[in-house]
Amino acid sequence: MILQCAVLFAFLALGELTVWLTGVPVPSSIIGMLFLAASLKAGWVRLESVDKVADFLVRNLGFFFVPAGVGVMRCFGIIRDQWIPIVGATIISTFIIIAVTGWIHQFIRRSLSRNHSQGRHHGILSK
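Residue numbers (my numbering): 1 to 127.
Bear in mind the hints are in silico, worked out from the structure with no lab data behind them.
Certain hints may be false.
[Stated by the list, open to error] Straight-line distance between alpha carbons at most 20 Å, and here's what the computed SDA-like set of lysine to any residue pairs gives: (1) Lys41 x Asp51; (2) Lys41 x Val53; (3) Lys41 x Lys52; (4) Lys52 x Ile91; (5) Lys52 x Phe9; (6) Lys41 x Leu12; (7) Lys41 x Pro25; (8) Lys52 x Ile2; (9) Lys41 x Ile30; (10) Lys52 x Leu34; (11) Lys41 x Ala54; (12) Lys52 x Leu3; (13) Lys52 x Gly62; (14) Lys52 x Ala37; (15) Lys52 x Gly102; (16) Lys41 x Asp55; (17) Lys41 x Phe9; (18) Lys52 x Met33; (19) Lys41 x Gln4; (20) Lys52 x Ile98; (21) Lys52 x Phe35; (22) Lys41 x Leu14; (23) Lys52 x Cys5.
Given the structure is predicted, the values throughout are model-derived calculations rather than measurements.
I would like the entire structure built from these sequences, with the hints used as guidance.
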């Protein structure tokens, strides 16, 4: 189990290094997770190398939201004063995200359908 933690921390460190070297404005944990997913897909890391720790972390995911919840509770004064813009921004951004996701999904489905009907079967999305 310690080795599995080490694998996850190595990918987290790789994400940290990538952000430090490139200055990309993406959280290092996300970049590390993408590296891990790519390594699992490529077969460089076996699923057995991380499955037990990953299962433990997912089972206890709610615990990791406690600090964020406490942080929100400490900001109730700001939230009370600014609830209309917060709710408005939340509703508007939700509709924008749903619309953009739907448009992208339709675009990809049409592209794949067009490629499939023309006999093109190569490409990353058609597998």
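Pairwise hint evaluation, Phe35 against Lys52, where the allowed Cα distance is 20 Å at most: 19 Å, holds
Pair hint outcome, Lys41 versus Gln4 [Cα-Cα no greater than 20 Å]: Holds - the C-alpha atoms of Gln4 and Lys41 are around 17 Å apart, at most 20 Å.
Pair hint Lys41 and Pro25, alpha-carbon separation not exceeding 20 Å: It is violated: about 25 Å lies between the C-alpha atoms, which goes past 20 Å.
Straight-line alpha-carbon gap Lys41 to Asp51, limit 20 Å: 14 Å, holds
Restraint status (C-alpha distance of Lys52 to Ala37 at most 20 Å): 16 Å, holds
Pair hint Lys52 and Gly102, alpha-carbon separation not exceeding 20 Å: 35 Å, violated
20 Å limit on alpha-carbon distance, applied to hinted pair Lys52 and Ile98: The hint is violated at about 34 Å.
20 Å Cα cutoff - pair Lys52, Ile2: 10 Å, holds
Pair hint Lys41 and Ile30, alpha-carbon separation not exceeding 20 Å: Roughly 16 Å between the alpha carbons, so the hint for Lys41 and Ile30 holds.
Hinted pair Lys41 and Leu14, Cα distance within 20 Å: At roughly 17 Å apart (the allowed maximum being 20 Å), Leu14 and Lys41 satisfy the hint.
Proposed proximity, Phe9 with Lys52 (alpha carbon, max 20 Å): 14 Å, holds
Given pair status - Lys52, Lys41, alpha carbons within 20 Å: Holds - the C-alpha atoms of Lys52 and Lys41 are around 18 Å apart, at most 20 Å.
Comparing the model with each numbered hint stated earlier shows that hints 4, 7, 15, 20 do not hold.
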